Amino acid sequence: MPVLTFREALNQAMAEEMERDPNVYLMGEEVGYYNGAYKVSQGLMERFGPERVIDTPIAELGFAGVGVGSAMVGLRPIIEMMTFNFSILALDQIFNNAAKLRYMSGGQFQIPIVFRGPGGAAHGLGAQHSQCLDPWFCNVPGLKVVAPSVPADGKGLLKSAIRDNNPVIFIESEVAYGFKGEVPEGEFLVPLGVGEVKREGKDVTIVAWSKMIHVALDAANALAEEGIQAEVIDPRTLRPLDEQILITSVEKTNRCVIVEEGWPYAGVGAEIAHRINMHAFDHLDAPVLRISSKDVPMPYALNLEKDVMPNAQKVVAAVKKVLYI
Amino acid sequence: MQKKKLVEMYRMMLLIRRFEERAAQMYGMQKITGFCHLYIGQEAVGVGAIAALRPDDYFISAYRDHGHILAKGTDPKPVMAELFGKATGISKGKGGSMHLFDVEKGYMGGHGIVAGQIPLATGMGFAIKYKKEDKVVVCSFGEGAVHQGSFHESLNLAKLWKLPVIYLIENNRYGMGTPLERASAIWDLSQKAESYDMARATVDGMDVLKVYDVVAEAADRARKNGEPTLIEARTYRFRGHSMSDPVHSHYRTKEEVEEQKKKDPLIIIKDKLLKDKVLTPATVKELEAEIKKIVLESADFAENSPVPPLEAVYEDVYAP
Ligand SMILES: Cc1ncc(C[n+]2csc(CCOP(=O)(O)OP(=O)(O)O)c2C)c(N)n1
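Protein chains in written order, with our numbering: chain A, 8 to 332; chain B, 25 to 344.
Next up, chain A with everything else stripped away, as it sits in the complex (with noise of 0.2 angstroms):
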């Protein structure tokens, strides 16, 4: 299976779902003559067109509202959020409109949009640039809600993304984008909603999703060196939820650590740990714990910023606490 990095597993996934339906579009800053600021659409302005690889002036509000009118009569745009910092401007269109016209028409309409772009921190871009916005999108009934892991997931997901009939949000990782993993060619789809194990263990479960995953396998990793066997499951979908995959893995582990990048406060966390209570209260031997980035705005000193974000140790010893040891 040929390896490839995140971004060129999403651009593999838009230039497949271009190919495929001519309704499909993408639209937003610097994604053509520039290939995108992050370059996950290199070379498809060349491939596909301007008129289907729509560079757009700094108006997030605007153009998000273009996709979604645009949607209302049938195509099925893809717009690139630079990254979803910017898309706080474009909330009006994505909450008030895109989320809510099926529903307010009584199912008149069908809103087949993907807002995708990189969500989270990088290095040292401060409060303003580096926001993990997972629970802000979770809370909108009308929305889906997408953070993949690894470079076959975002190809999987994207893929079943552009085909789904309704707005997803699709959250991405500047961090993440030279991350290498094998991807499966042509049609492969991921299905949205659907969780997977990325690590089976017994004594305990993690669950993460996105790049915080991959703090979660470290830890996991340093827990199996000291005889811990930790579970990490990843929903890959953060709306709709796999609980089932959830409930199934604290049953066997009786425990749970979960662990996001966004801020701890009504965090997408609280809400899957919320569902592990309702059904998997009787196996539980801990109470379900929570790592999330402190809560507060992002410092620039990188010292700060590493204090700030969740890390293996700190799973670490999070996990070592629902074990009681």
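Any given hint might turn out to be false.
Within a straight-line C-alpha distance of at most 20 angstroms, the following computed EDC-like cross-link-like pairs (lysine to aspartate or glutamate) qualify [said to hold, decoys possible]:
{"id": "1", "chain 1": "A", "residue 1": "Lys313", "chain 2": "B", "residue 2": "Glu335"}
{"id": "2", "chain 1": "B", "residue 1": "Lys159", "chain 2": "B", "residue 2": "Glu241"}
{"id": "3", "chain 1": "B", "residue 1": "Lys55", "chain 2": "A", "residue 2": "Asp314"}
{"id": "4", "chain 1": "B", "residue 1": "Lys285", "chain 2": "B", "residue 2": "Asp295"}
{"id": "5", "chain 1": "A", "residue 1": "Lys301", "chain 2": "B", "residue 2": "Glu241"}
These aren't lab readings, by the way, just hints derived from the structure by calculation.
Since we're looking at a predicted model, the values are computed, not measured.
Go by the hints and put chain B with the ligand onto chain A.
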């Protein structure tokens, strides 16, 4: 204009140029991280505009902010220390290159979201009027920012409410890799003021004295009549969009950049001041030496300063 003021403007442009050249070197040595956007090539705009203001007037801008904060009079040491992410930085190491602030000097930031500062400037203008103060605000932003709704909403409010705000477009021709003609339906950007019946001007942003004049005139209008102005300063950035963008990527040619460098704003003012005998080759040399020393000291200061303590993470989230 007084001789002293002319020399001061040249000196400030030189300081900004040398400061940023040093910052670029430090970035290469990974002393500075993240996004770092250099102002090199655009110095005449910020320096000319700020020279036309009083010390207690406000200036606010985007992430390409090193030149602005220095021109507003902030000591280079805490500015360099901020780029290094040190506790002695002007934002205590928590803002970085894009988020410099010096409230005492009336420099109101350093904003990372394109056009995010434009309503803030409008709000400061509102407060000036509300408090009946004799002040003005200058709001700088790139030509890429004029396509955001917040720009248009602000212009309407400023004119409707007669706010003393000067909106200063620093048109360096490119928003990242996008040239103006691929982003804007019109070329003559100050034309946008006409939709709001607002005063407007276009100025050669490579000539610090011309920038000074139009901003002085606009400031006068703002102070006397509470009239806002939209100014387009035509300038050029000699470096890449940020330190991670090459100087001439495929979106502009090497020839174009070299051609523009012939209009280097530092050379334009220096030649003029030499010609007018405001400066002599000897005084130019002295200034160069003085600036070099200041810049080296700022880098040493940054280098030798401590990183912020971990407790700082939780400080300044809320006001007491
Ligand atoms: C709302 C928003 N969208 C996108 C970006 C990413 N971005 C940073 S700078 C920039 C280009 C801005 O160009 P311009 O306003 O002309 O200013 P310049 O960088 O040329 O000084 C872009 C797209 C951002 N910071 N904020």
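Results for each hint:
Between the alpha carbons of lysine 313 of chain A and glutamate 335 of chain B the distance comes to roughly 13 angstroms, so the proposed pair stays at or under 20 angstroms and holds. Using a Cα cut-off of 20 angstroms, the hinted pair lysine 159 of chain B and glutamate 241 of chain B holds, with the two alpha carbons roughly 14 angstroms apart. Proximity of lysine 55 of chain B to aspartate 314 of chain A is assessed by CA-CA distance (about 19 angstroms); at most 20 angstroms being required, the pair is judged to hold. As the CA atoms of lysine 285 of chain B and aspartate 295 of chain B are separated by approximately 15 angstroms, the hinted pair is consistent with the 20 angstroms bound.
A distance of roughly 48 angstroms separates the Cα atoms of lysine 301 of chain A and glutamate 241 of chain B; the hinted pair therefore is violated under the 20 angstroms criterion.
In summary, the structure is inconsistent with hint 5 from the numbered list given earlier, while agreeing with all the others.
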